[in-house]
Amino acid sequence: MTKQRQKLVLDIISYAVLLLGAVLMVGPFLWMVSTSFKLPGDQFTKTLIPPAFTLNNFRELFSVDLNFPLLFWNSAYISILITVGQLITCAMAAFCFAVVKFNGRNLLFTLLLLTMLIPPQVTLIPNFIIFKYLHLVGTSVPLWLPAFWGGAFGTFLLRQYFLTIPRDLVDAARVDGASLLQIFWKIYMPLGKPALAALAIFTFQGAWNDLLHPLVYMPSVPNTMLTVGLAFFQQQMTHGGKFTVLMAGALISILPLLIVFFFAQKQFIEGISLRGLKRRQTRGACKRS
Amino acid sequence: MDYGLKPLGRERFWLFALLAPTGIGLVFGALGSVVATVLLSFANWDLLTPPTWAGLVNYANLFKDPKILLSLTNTFKFAAMYVPGVVIVSLFVAVLMNRKIRGVSLFRTAYFLPAVTSAVATALVWNMIYGRDTGVLNFILERFGLQPVCWLCSGNAMYAVVLVNIWGAIGEGMIIFLAGLTAIPREYYEAAEMDGANDLQQFFRITLPLVTPSIFFQTLMATINAFQAYDYIYMLTRRGQGDSSVPVVVFSIYRNAWNFFNYGGASAQAIELTVLVAALMVFYFWLERRYVVYE
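Chain order of the listed sequences is G and D.
Note that my numbering has the first sequence beginning at 1, numbered continuously upward.
Note that my numbering has the second sequence beginning at 1, numbered continuously upward.
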């Protein structure tokens, strides 16, 4: 009996602590939403419900001089290109590593895994110099082109998933005379959908939220991505601007990911958990080879 | 291991084609970059005039230039607070959520929200929260009769930024720990209960040892992230002329290269960062062999 009472007390404490934490986690988002609907004159009022409700901030955001639609469009197509590039090239390599037998497979795969240890700053400087000499700095090409070179994380994630697809399917397809490409396209791509979805969300999120790379390759407003644009607006705001418009911009910028998150929460969380499993599975992979 | 489909005839070409993008990335993107950055670190180059040989000057500067030294101390200070912060808070949250109480999925969504959205967008709100005269935090402090604090001034900015970075990282850590916690067999707890172990004993004798693989992984990831931290620092601590009140190494690399056009010096810093992180990884894996329990 006391045991149960103890559990109840602990449950209540857990609830209270989690609730307090949740307020701290969600609070800034509520403040963002609230401020974006406030009148500029009310921007520093400390009430969560706007004293007067307005949509003007959003209207102003999409007015000509801020070029917000261009920022949004840039973020959208660059992130989509990066996602497509990663999905295709990582799936291609992952299929080879998981299914096909060829000389140097383990060596190549180990090399690829090692590249995960290289910090982005190391690749950034030489890449920038190359793109500068190609006169591509200021365009979106340096941002999305490297996504078509494959990637260690995506390849690894997809390979692990492809390994779980029963090999009997491959053998049966082979008996029916299916070619390598057909096995890849007709068996592994459709059956790999859950892992592909997790990778797609993970990649899109990273691309959409990236600040460092667009800051280097598309540093000037208006032809840049949302993150750089918002950072620039913030700098302007400090010289007496409208935080209400800034919050409206922030809200619009996180909206696409929020929508994806609410519809595909499972894939989002799976992407993280898959990363958590990475370590243990790498050990497995090393032992096997 | 000898599993695998043998490519037949023309399929060898297709195998090559499927691997080509990854091969190009490996040679040019990864290995080429490392070689290029190492070479650059021995040069002076502003990309306007031809590069000149610098020898070890860039590396000597790593130990002499007060700004570079400051960025290094800042990075270590940041990591020293951020890594334990993320690990402890997200483990704590995960343990609470693992108690099988109602509405857990709602809490999970709430805690994961900052991990979904961009640091740039949320930093804009944090800027309003931390504001000196108009900020929400100082408003609350004054309500309680306390003095307002300049949260983003030199003395406090480090703590303020660490706090926001932890806030943004709890969601991911929580998911990792929840996965680790749910993998612990319930029988262990049932057996412990039979033997009369209380909740605290159960946590320290069962949960903590069995969750060490997750703690190890999360510490590793948090350390890598700490040495990469940039977005919040850029958004919250920028000052005039592109300087920062908490310049960390990544910030300093960016500034050296793209504000001062010192690509050689920035390359040396990038190498320094890589070596530091690699050394820490070696140390962690040594710790892992000693302390981490794999079932």
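In short, the hints are calculated from the structure, not lab data.
Computed from a prediction, not measured in an experiment: that's the story for all the values here.
Cβ atoms here follow ideal geometry from the backbone N, Cα and C, with glycine treated the same way.
Any given hint might turn out to be false.
With a Cα cut of at most 30 Å, we get these calculated DSBU-like pairs of lysine-lysine [claimed, not checked]:
{"#": "1", "chain 1": "G", "residue 1": "K3", "chain 2": "G", "residue 2": "K101"}
{"#": "2", "chain 1": "G", "residue 1": "K193", "chain 2": "D", "residue 2": "K67"}
{"#": "3", "chain 1": "G", "residue 1": "K3", "chain 2": "D", "residue 2": "K100"}
{"#": "4", "chain 1": "D", "residue 1": "K77", "chain 2": "D", "residue 2": "K67"}
{"#": "5", "chain 1": "G", "residue 1": "K132", "chain 2": "D", "residue 2": "K67"}
{"#": "6", "chain 1": "D", "residue 1": "K64", "chain 2": "G", "residue 2": "K186"}
{"#": "7", "chain 1": "D", "residue 1": "K64", "chain 2": "G", "residue 2": "K7"}
{"#": "8", "chain 1": "D", "residue 1": "K64", "chain 2": "D", "residue 2": "K77"}
{"#": "9", "chain 1": "D", "residue 1": "K100", "chain 2": "G", "residue 2": "K266"}
{"#": "10", "chain 1": "G", "residue 1": "K7", "chain 2": "G", "residue 2": "K101"}
{"#": "11", "chain 1": "D", "residue 1": "K6", "chain 2": "G", "residue 2": "K101"}
Negatives, chain D to chain G, calculated, CB over 12 Å [unchecked claim]:
{"#": "12", "residue": "F13"}
{"#": "13", "residue": "T37"}
{"#": "14", "residue": "D65"}
{"#": "15", "residue": "C150"}
{"#": "16", "residue": "F204"}
{"#": "17", "residue": "T207"}
Structure-based check of each hint:
Only pairs whose Cα atoms come within 30 Å are accepted, and G:K3 paired with G:K101 is rejected, the gap being roughly 58 Å. Annotation: proposed proximity of G:K193 to D:K67 is violated, straight-line Cα distance about 49 Å (limit 30 Å). About 16 Å separates the Cα atoms of G:K3 and D:K100, which keeps this hinted pair within 30 Å; it holds. A hinted pair counts as satisfied when its Cα atoms are at most 30 Å apart, and D:K77 with D:K67 qualifies at roughly 15 Å.
Our distance criterion of 30 Å between C-alpha atoms is met by G:K132 and D:K67, whose separation comes to about 27 Å. Taking the CA atoms of D:K64 and G:K186, the gap is near 60 Å; set against the 30 Å cutoff, the hint is violated. For the hint pairing D:K64 with G:K7, the CA-to-CA distance comes to about 59 Å; that exceeds 30 Å, so the pair is violated. Taken as a hint, the D:K64 and D:K77 pair is honoured in the structure, with Cα atoms around 19 Å apart against an allowance of 30 Å.
With a C-alpha separation of about 19 Å, the suggested pairing of D:K100 with G:K266 holds against the 30 Å cut-off. For the given pair, G:K7 sits about 55 Å from G:K101 by alpha-carbon distance, which is inconsistent with the 30 Å threshold. For the proposed pair D:K6 and G:K101, the alpha carbon gap of about 5 Å is at most 30 Å, so the pair holds. The claim that D:F13 lies off the interface is violated: its Cβ sits roughly 10 Å from the closest Cβ of chain G, which falls inside the 12 Å cut-off.
A Cβ of chain G approaches the Cβ of D:T37 within 12 Å, the least distance being about 5 Å, so the stated non-interface status is violated. Here D:D65 stays apart from chain G, with its beta-carbon at least about 17 Å from theirs, past the 12 Å limit. Residue placement check: D:C150 keeps its beta carbon more than 12 Å from all beta carbons of chain G (closest about 15 Å). Every beta carbon of chain G lies more than 12 Å from that of D:F204, the smallest distance being close to 16 Å; the non-interface claim holds.
With a minimum CB-CB distance of about 14 Å to chain G, D:T207 clears the 12 Å threshold, and the non-interface call stands.
Checked against the numbered hints above, the structure violates hints 1, 2, 6, 7, 10, 12 and 13; every other hint is satisfied.
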